[in-house]
Structure formats: C-alpha cells, structure tokens
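K.L.:
Could you slot chains B, C and D onto chain A? The hints should help.
Each chain, letter by letter, is given below.
4 protein chains.
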Amino acid sequence: MVGGGLDAFIGDVHRKAAALDGQFDLVCGAFSSKPEKSKKTGNALGLNPARVYDSYKEMFESEAKLPENERMEAVSIVTPNHVHFDPAKIALEYGFHVIIDKPLVFSLDEAKELKSVVEQTGNLLALTHTYTGYPMIKEAKAVVKSGKLGDIKKVFVEYPQGWLSTPLEKEGNKQASWRTDPSKSGAGGAIGDIGTHAANLAEYVSGLNITHICADVNITVENRMLDDDSAALLKFENNASGVLIATQVAAGEENDLKLRVYGDKGGVEWTHTDPNTLLYKPLEEPAQILRAGTGYLSESATSNTRLPAGHPEGYLEAFANIYVEFYKAVKDHQNGSLKEITEYDFPNVDDGVRGMAFVDTMVASNKSDKKWTKFIL
Amino acid sequence: MVGGGLDAFIGDVHRKAAALDGQFDLVCGAFSSKPEKSKKTGNALGLNPARVYDSYKEMFESEAKLPENERMEAVSIVTPNHVHFDPAKIALEYGFHVIIDKPLVFSLDEAKELKSVVEQTGNLLALTHTYTGYPMIKEAKAVVKSGKLGDIKKVFVEYPQGWLSTPLEKEGNKQASWRTDPSKSGAGGAIGDIGTHAANLAEYVSGLNITHICADVNITVENRMLDDDSAALLKFENNASGVLIATQVAAGEENDLKLRVYGDKGGVEWTHTDPNTLLYKPLEEPAQILRAGTGYLSESATSNTRLPAGHPEGYLEAFANIYVEFYKAVKDHQNGSLKEITEYDFPNVDDGVRGMAFVDTMVASNKSDKKWTKFIL
Amino acid sequence: MVGGGLDAFIGDVHRKAAALDGQFDLVCGAFSSKPEKSKKTGNALGLNPARVYDSYKEMFESEAKLPENERMEAVSIVTPNHVHFDPAKIALEYGFHVIIDKPLVFSLDEAKELKSVVEQTGNLLALTHTYTGYPMIKEAKAVVKSGKLGDIKKVFVEYPQGWLSTPLEKEGNKQASWRTDPSKSGAGGAIGDIGTHAANLAEYVSGLNITHICADVNITVENRMLDDDSAALLKFENNASGVLIATQVAAGEENDLKLRVYGDKGGVEWTHTDPNTLLYKPLEEPAQILRAGTGYLSESATSNTRLPAGHPEGYLEAFANIYVEFYKAVKDHQNGSLKEITEYDFPNVDDGVRGMAFVDTMVASNKSDKKWTKFIL
Amino acid sequence: MVGGGLDAFIGDVHRKAAALDGQFDLVCGAFSSKPEKSKKTGNALGLNPARVYDSYKEMFESEAKLPENERMEAVSIVTPNHVHFDPAKIALEYGFHVIIDKPLVFSLDEAKELKSVVEQTGNLLALTHTYTGYPMIKEAKAVVKSGKLGDIKKVFVEYPQGWLSTPLEKEGNKQASWRTDPSKSGAGGAIGDIGTHAANLAEYVSGLNITHICADVNITVENRMLDDDSAALLKFENNASGVLIATQVAAGEENDLKLRVYGDKGGVEWTHTDPNTLLYKPLEEPAQILRAGTGYLSESATSNTRLPAGHPEGYLEAFANIYVEFYKAVKDHQNGSLKEITEYDFPNVDDGVRGMAFVDTMVASNKSDKKWTKFIL
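Chains as they are written, first to last, in the working numbering: chain A, 139 to 515; chain B, 139 to 515; chain C, 139 to 515; chain D, 139 to 515.
Isolated chain A, as found in the complex (with noise of 0.2 Å):
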C-alpha cells in the first residue's frame, strides 16, 4: 500500500476491502512521506517492520529484489490525487499490478500517459469506483442490456453531499483541506471527488458515453479555491439526454448517490441509501423490488453478492468487489491466461481516463458563454 497512514480515510477502507474475502494479505507498505508516521503505521498493522518502507520508492525497489514468491504482487494507491501518478507509473514499470483511489491522477495528460505505461507494460490496474461494485448497480447494467427498457432516453444522475457547507477547510479538517486545494486536487473539486462517480456510474449503467455536456460549476463558500458544487446537462451518444448533479453543499444531505435510467418500456431506479435494492419500474405495469441476494436476479448480481436476501451488504462490500474482480485479473495474468480487459467488470485505466476528462469538460463547459462542450478526450 501507498499511502493511508493511521488517520486516512480511504486507505483503511482499502485494507478492510481487501481483507474481507481473504485473497489479500497485506504485507507491505509506504503508509506515508513521513517514514515515523509509516513506521507507527505499519506497526499498528503487525507488518514485518522491514517491510514499512520510507518511501515508495524504496518500497518498489526493495520488493522488485525479493525472491518472487515473497514479493508483493500488486499495490494499493490511495494517496491524495497528485500522489497518483507517480507511484503507479513507477509501481507497474517494476511489475506491480496496480489498484488506484479515483480520480485516476492529477490531470488528463497524466491519465493518458498511465494509460500508455499501462499498455507497455501489460500489468494491470484497477480503480476504485466504489459504487459500479454494489450488485443492484450490476442488477441494474443487466436490466438496460436485456433491454426490458427499450432504448434509453433519459439518464438522471445525482450526487448530493453537504459536508462542504461550511468553510471546513479553515478549520483543520484534513479532508477538506485537500480536496479543496487545487495543487492537490486538481482542477476539479466536487466534480472530481464525486462528479466523476456520478458520470461513471452513469456511463457503466447506461452502457452510453456521454458527448456532451452544459456545465454549471460554482464555488458557494467564500475564499474556497475549488468548485464545491456542480450541475450539468448531458448529452449521450444514442442522443439519449440526461442531468447531473454533483454538490457537496446540499446542507444535510448525506453521500446519497441515486441513479434512474429511463427507456421508453421502463426505468429503473437506485440509491446509495438503499443499496441492495433497485426498483424496476416496466411503463403501465407495477413497479418491482428487485432485491440483492434473491434467486431472480442476474448472474453478474448475485457473483457480486455475499449473502442471502435480506442480509444488508455496504460500502466495504461493493468495495471488495471490486478488489475480488481485481484478484481475478492478476491471478490470471500470472497464469498466463489473460483476457482481454473489458472481459473483467472492474473500472480500468480507461475509466479514469474517461473521469479526467469529465472533470476537464466541465470546467471548459463553465467557462463557456456556449450551451454545449463537446466530451474532451
């Protein structure tokens, strides 16, 4: 693991996610760039000490000389997003698969050129866009492909959140502080930290890219230095339209992210409030519950499924989905038996492409006097 020292968010959910199923092991890591702070880390996690490294630089290195069977085989990258770029780059060149924190990187240009080391060096990466892991959202993917809803006219995507209300930034808070600095950030703010959820599971959903977007993408707390809220007007590439919004000052609102997808034979209807159920909503017909763990479902929702209906799966569940999947992969390649990428439902380098260019849209889009941004990849 890069990153996720003691007090970090994501890096513990990374570790628990890759636990639950038992197919990792965590053996190594560079918890931090203060190597005290790995150290007390990886202590606190019982690593072998000599396997906490001061850097991950050191820690590639050090790992590429142990014998094959000892080394580490793939790593986690869950640093802040302008701590992405680098390590990936550096851990697939020394023939570490990779799993990566969205936003891919720091920009596009980054993005396309992982994308290429990628290419070169046919290792593998993944990323965590959580929520494409929970089995209603896969549910959901086979409900379109069956094409129970005919074709798909309207894609409505939100993402409120309302923890950036307040000027947190100002007051110590170590998340915000971050994801609200540009020269950690990025470009975007909201747009990146979850619009890009939002659009992913828009596009892995509808099985449609967006083409265009009209971007509306405000700063609402005074003196904040990146967006804290977004909205947009999509337009797909069957000439499907859609709405998304991304805000992170929507008081009072929680994470809920809600996907609908209209045909004109039906919807279907999800939310991160209730995850393990999607309402599928045939035109003149009652609504269904489709419910996760129940016999009915499609095979790519009940492979994502732990436990019988009515046994509640979460946040960590959809995420060990995606590191299950991920284990698929590397073992495959270490086998010999490859397949092609797309052949393996988790987000690749090719989402987060598509994520940096989202990102990149809608800031071209709200400096814009015109309606439509052609999708800028």
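Heads up, some of the hints might be wrong.
Note that identical chains are pooled: a pair holds if it fits in a single copy or bridges any two copies.
[Claimed, not checked] The calculated lysine-lysine pairs, modelled on DSSO-like cross-linking and capped at a C-alpha distance of 27 Å, are: (1) Lys-253 / Lys-477; (2) Lys-175 / Lys-466; (3) Lys-177 / Lys-403; (4) Lys-177 / Lys-477; (5) Lys-175 / Lys-469.
Think of the hints as simulated: they come from the structure by calculation, not from any bench.
P.N.:
What follows is chains B, C and D alone, placed relative to chain A:
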C-alpha cells in the same frame, strides 16, 4: 363552471375541491362547446337545467342579469389552454371572480393582457397551481422564511411523469391529444403542463425568482408536435442556482413532483408521493420528519390542514385549499374589505404571467446557442 | 346529522366526506344536546334555521312530517358511543336510513337489538369503518380472493397510536375525556376506539372471521378508567393465526394502521401512512408496488379511486367511499331495487355487531386465566 | 474453526467477519465431520494442510501442543446446534476462547452446563447474536438508557421470514433440513433459529428481562417436524408488556427483524432493512432520523461504526463488531487485565442460557392452557 364535461379530468377535480369544505355550490355551467354535452353534464350534476348553458358567453350574459343574490359569484375555467383567455376576460368584465386552471392562458401576450383586465376590473383571479396548496409546502416556505436554512444556495425541483413515453396522442387518448397539440396547448408541452408547476413551486417555497435559465427541451417520441421532456439549469435572484426537470417520458413514473431547497445551514425536502411529510435536515444534526396535522407546525401549514396527524390528506385537499383561500378573498371583496392581493395565499395572475414567461424562456433558451437566457418578462 | 357540533372532529369529517362527491346535501341537524350549540353550528354551516333542531327526537319527528321530496333521506350519527343506539333506533323506525360512526353502539346487547331494528324496518344502516374504504384495501381483498396468496396462514394487524401516553383526560382534552370514560365509551377504550377498526380490517381483507382470541389488555397510565393498550393472539376460521396490536400509548406514533396477510404463495402489506400503495410479495419473486389509480387494479379498487396514479387520495376520500356506496344502496332502496345487503361494499350492522363482540371478547380474554377465548357472538 | 465447510452459509460469514478488521487470522480448522471435506475446505482457504484437522478433538489436542505463540488463540464454532456443546466444552477445557453461533447449544441443560465450564475454566465465550452488533442498535440501547423515552411501556419485536413457506426440507435444501430436524436443532424451529435473536434484541435494547410469555407456536406446513411460526405476548420485569413475532412462513418476507420500544416520553424504531437508521420519536415533537456515522451519536454507536455517514454498513460489519469486542476481551485475558464480562459489549454465555430458556418457555407456554408462563431459568 366553464368546461369540465363528464369525461374531463380536471373539471371533476375542481368540482370536488370546491365542494369539500362546503363553501361553494355549483349553480350553473357551460360544460362544453357542444351544447348537448353541456346539458348532459349539467343534468348528471343535478343542476337546474335553466342554468346549464350552451356557451360561456351566454352564461355570463344570463347570470349577470339575475338578481345579485341569485347569480353565480365566481367561475371556474377548466378548459384546455387555448380556451382560457376569452372566458376569463369576459367573466372578469361581467363582474365575476375567476378561478382558472394552469397554465394561465395560451401565450405570454394573453397573460399580460389578462393581467390588465384583472387590474382594470378589480375582480379576483386565482390560478390552481395545486401543489402550493399542500400544508407541508406551506411549512417548507415557512422554514425557509424563518432563516433556519441560512442563505439559500440550491433549489432542485423535478417533475417526472412517464405517461407520454409512447405516442398516446395517436391512439385516441384525449388528454394526450390536446396536451401535445400546439394549437391547444401553446408553445409548451411538458414545460407548460408540468414545468410551470415545478417552476412555480420552486419560486413559492424559496421566495426567490428565477432570473436565468439554460434549458434542454426535447421531443423524444417521433412525430410528436410539442416537447415531452425538459431539464434546465437555473439561476435565482440571490445568485442561488438550481436544477429543474420536467419530463413526461420517464417511463414508469407517475406524478412525483419533488422539491429540495438547501441553505448553508440545512435543507428541506418534499415529495408528492408522501405529501404529508416534510424532511427538514439541519446541518450536522438529525434530520426531522415534520408531519401534517401535528402541533409544532407553522400557522400557515396548520390552517391548510383539516385532519389530525396520521390521517392522510391528498391532492383534492391541496386543491381545495386554494378554493378556501380564494373564498376568503371573494368574501372580503363582497364585504368591501379586500386586502392587497399578496396577502392572500393563492396563486394569482402574476404567477400566471410568470408561468407563461417561464414557457417562453425555456423555448428561447432551448433554441439558443448561448448558455444562459434571461427570464423573459 | 346527529352530533357534530363545531368543535367535534368526526362530525366535520362526515360532512366533508358526504360533500365531496356531490351526492349528499346537509339539510338539517341536531348537532348537540345543547340547543344553543346546535343552533350555532347549524348557522355556521349555512342551514335553514327551521331545520336546525334542539334534539334528535324533535328532528326525526319534524322531518318525518315534511313532504317526502323535502325531508331528509338519511341521517349521520356522529355522537359519542353512548348516544348511538337511541338515535339510530328512532331514525330507522321513522323510516330514515342511518350512517353511523364506529363502534356501532355502547354494548353487544344494544348491537344485537339494533340489528333487529334494521331487519324489522328494512331500512339501511352503514357503519364508517373508514379504512375499508381505501382503494388499496379493496385491492388487498381482491388479491386474497383471487387465490394469488394461496391458503391464508398469517394475519398481522397493528394500530399504534401514541396520543394517550399521558393523562390527557385530566387536562381538559375533550377527545381524551369521553374516550377514556366507560360511561360514554362502553367496555372498551383503545380496543373499542381503534381495536375494532383493526379487527374489522383484518376480517374484511382476509375474508376470514376471527374465532378465538388470547388478549393482553392494559391500562398503562395511572388512574385511567379504560384500557389504553392491547395486543392479542388470534385464530381464524380456516385455522390461520394472527396478531393484533391496538395501543394508544406507543408514544410518538400517529395513526399508522398496518395490515399484513400471508398465504403459502405470497403476502400483501398495506400501511395507512402510504395508503395509495399495496405491496404484493409473491414467494420467491420480486415484490410488486401496486398503486392506486393505475390501470392494472381490480374493479373494486378502481371504482373507489377518483384520481389518476400519482395524485394521492387520503382519509376523507376513503371515508367518502363509504358514503358513495351507501348512496347507491339508498337510491336502490328508494327505487325498489335493493339488493342483498352483502352486495353493497360498505360496513353494515353485522360488522357493528362483530365489533361489539370483539370488545367483549378482548375484555373476557384479558380477565381469563385461559389462553384462548372463543369469539363471543 | 469448527464447522464451516465450503457450502455452509454461516461459516463463511464468520470467516469474513473475523477477517474484516485484520485482528483475526484463520490458522486452522476442522471444517467438517468428513475428513475429505475438511481438507478440501482448508485447501480452498489456503491453510497450512498440517493444521487442517479431521476432527475438532484432534484439532484441540494438536493445537494445544503447539508453542503458545504458534497455536490458535480462539475457536469459532459454526456447526448445527447439536454439535455446539461438545466442541465448546472441550475447547474451553483445553484453554481456548470460544466464539459460537447462536443458539448456544441444543438444550437448556447443555447451556447451564456450558455456563459452569466457562466459569470453571475462566475462558471466554462469545455468542453471535449478530443484530446486537449494529451501531444503531447500540444507539437505541443508549437512547433507552439515557431516559429520553421515560419509563418503558411497550416492546414490539418481530422477525418475519418467508423462506419456509413450502416444504423445502423435502426438496433437499440443506439449510431447511437441519433447521427443521429436532435431532439437530433442538426443541425449537423458528423459535430457536430466529425467535432467540428477537428475544435477545428486545432484552438488549430495553435493558429489561422478559418474565412471562404467552405463546402461540405453530407448524403450518404439513409433516414438518418443528415449529415454523410463532407469536407471543410478553411481560417484562418492570411490568412493561410486548409482542414478539418470529415466523418463517410469512411468504415473500426476507429477513426483516424489526424492533420498537416505547416509553411514556417517546419511542425508537429500528428495522434490519435499513440498519443504519434509527427513528427516534419524541412525544409531540418531530421524529428524528438518527444515522450511523454522524457526529451526534453515543460513544457506543460510534465505536461500532467504520465509515462516515452515508456509507452503508451491513450484516457482515455488525457481525464483525462482535469479533472486535471479543478480540478486546481475548487480549485483556492474555494481558491479565480482563474486566468483568459484563463490561464487554458482546453476547456471552448468559445470553446463551437465556436463549435456550426462551425456547423452552415458548414450547411450554404453547402446550399450556394457561395464559401466562413464567420464564424458565
């Protein structure tokens, strides 16, 4: 009543809403442009046949000749949009008060002209934007006004319906036929039929006027003549921003108008599917479930509720609340004690003018290449 | 109307429900045992002062003397329970049809006697068990009857209120005073006031009579004179079992009557908080959200709905549905085409007798050491 | 681990729950009474083959011989009920701590005997009543304890499942087979499998012991050998009353354990379908939606939550919370700093004894003609 023949939806709603609280009696009507149908309707409703008229002109003329204590006092106009202006104007000029279904008229020009008739005659005009009649919408407005939410930053309003997902107007559906016919509905389809409700609700609760719109207005069903789908980015007078969705092709959706308003201290959320509840979400405190009929609500919510908590009221009661408030103004007018029109809590001709302007602004914005269109007034 | 003075809750409900569909006009009343109050109420309601009476006896006598086409046709009795029997009996004997609030009367003996009066006079009596008037309760009954649920195995009905959690009757609350007073309410407090609703609903939807009860009936507030809390195990005629909860001390609850019926092939669930929805849960298939006003419902649900899907109806509309059905029977009676009373879908004197028997059975079971008490009829 | 072969449900749950927080490693197991199956399971789990045992006796013996820092520290027992007592007793006697799936053992006698073994050996035993591990259940307990609800008056707990609506045990369903077999499950079917969870939850949150039960216990499916359905009236030690429902034939239901506790000042409501929410309903004030991961919760809720508000946790996390607390006690035991067992917030042998007594009391009450049966301890 003008319009509201036996098979009409909204005419029956007006009759029931007016009857509910025992303040209005239906005494006469011109229920259809076809005299036979008007007679049949009047008969079914148990009216005195002498007061069932062949045309609204005849009705106004005849009723005006009756002694003051016998003639009708107010008229409900429940015809399609293109037959709003003329009967409203004549009624007002004959000295009758008017309650009229939304949208106010066929065009912004008609709206402005009708406004002058209202001003010149001094008679009353109420517009049935039903949703503002709900007690928990009154409460939402009261919460915003109280300052509990702080400065308003975001307004999300959405009105998804699915009934026009298929070309119903080609299959003899009467409602679909006139609502998708520009010669009867005016410049707007979905934007006039439900978009005006959404915009009115957003402005009513937030207490803020929309100043700029960036709209995406679509016809999604082949050969349809008017828009069946729309979404817009909004700017409000205090620089708050928002999103409006008004679509009739969200297949599987019924009529779930939903409003969310956020300030920097909290938010409120109301949805038509659960109209007796208002969620109030103070920042960093537990959300509260405010319920109609309880003892802790604002005076405005309480006076628009008939039943104790836990006894659901619905659409007809909200509708009736507009009639009740209109009744007060009619009585005050008759008693010579009429207050400023803004003292009465029912939608009036100004709301109607703004509604028509909203339609025109949506249409203009949709045609424009520019992102923002100033609200046309 | 008998009873229903200005400050009464249920009298106003009856008036609004009767008015809603335009079939009943309020023409006369004895609104209070205090003549002054009766006059004041009649005046406020705009009645002809000559037909506002000092007592119900006077009213029945006077109205009976009026020409047939002028006199009242039916009477609503909305007094406390101890003043149900006498006016109902006299009214029926004078030839008036009666619609009466629940519970039917003060005691099982009175109930049985009133039943003979109904039979002897051949006049109509309807009982306002409101909740059976909801369209989705009609649908629930239709689903059970269709056999879709298989053999009925379990019936859960619960009616939690919280308003009597404190000794309100000591604080001048009028509703609390008579409802906790055995000389006005009869043998049952909560069991009479809301338990009878719950039992009636369970039997109505399941189509099964309760045969045995094992009850726990409590007074939880010190010095209260009647039960404020109860629960019971139930046996039904087909050997199904169930649970009934009727309490008025579930602090914080409003009025959320809830019914669940399960057979071996599926279940249905309805709750008063969301009355326009019925959940239908087929075994091992997705649950379905059945909604009022849609095209796929039973005839019975449809004919008890006024509005299209997504336009909520509530308590007054459910109440009005009983009036509408009663109206049909009154008209048929007047036309000499009266059918069997069971052909009309409103609660009648037999439901009233069962209600009183339910109260007596609950009381008897509570006093008994034995587990099961046979339903007393 | 004892039990938990590859196709077992609850064994896998224990493994994932133990792994989640990185405190337990699975080092050895006797996964089945069939040595081949045990080997296969151990292999699939990546265990050292030398520590995959043919029987639990062999495991305890062999592990006890390993050096202290190499041998297992605690054992999870996840076999059917009839194979709980023996491995638990032996493990404790060999000096291992035990975490065991509910119900504790096969009979009340075994439970009492196991309790003395725990006391005699001084080793730890935890029982996985999962539902008490949920953070919002901790919060419910804290709200009750705080006195905010006043004196507790009513406790409603229900656990409806539908999966045994048909004779699955005749169709080769493994779960159904042993759970409906008295030689494997003990005296209770549904009452043991889920009734014990419900009773435990009610007592845990209310802080009150059940003192009397009046039960209706049924076999609703022909030729089934154990109860599949039950309901009971309850009395608690402070004279509060309640209702318990535990049924596996509510066709269409999944696993929706629900608890409501009311005092004279308010109530709380929790449901397994939405486990991260606790409704707190103060009398005559707005209900509050308390949410896991927020800043306003009790210490107990907070320390049982891993993620910020809006990131759902589920069944595995609740399960893991028991492991985490058990881990603390194991560490304290090893460090010689063990506190009173009641200082640790996990279900222990006393809960297990009460669970077995609950089953016996339900069975006795069902057979009895008397209404109330004293809780058998």
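K.L.:
If a hint holds in the structure, say so; if it does not, say that too.
P.N.:
Okay, the hints, checked on the actual structure:
{"no.": "1", "hint": "Lys-253 / Lys-477", "result": "within (18 Å within a copy, 55 Å between copies)"}
{"no.": "2", "hint": "Lys-175 / Lys-466", "result": "between (32 Å within a copy, 24 Å between copies)"}
{"no.": "3", "hint": "Lys-177 / Lys-403", "result": "neither (57 Å within a copy, 41 Å between copies)"}
{"no.": "4", "hint": "Lys-177 / Lys-477", "result": "neither (38 Å within a copy, 31 Å between copies)"}
{"no.": "5", "hint": "Lys-175 / Lys-469", "result": "between (32 Å within a copy, 25 Å between copies)"}
In this structure, the earlier hints numbered 3, 4 are contradicted, and the remaining ones agree with it.
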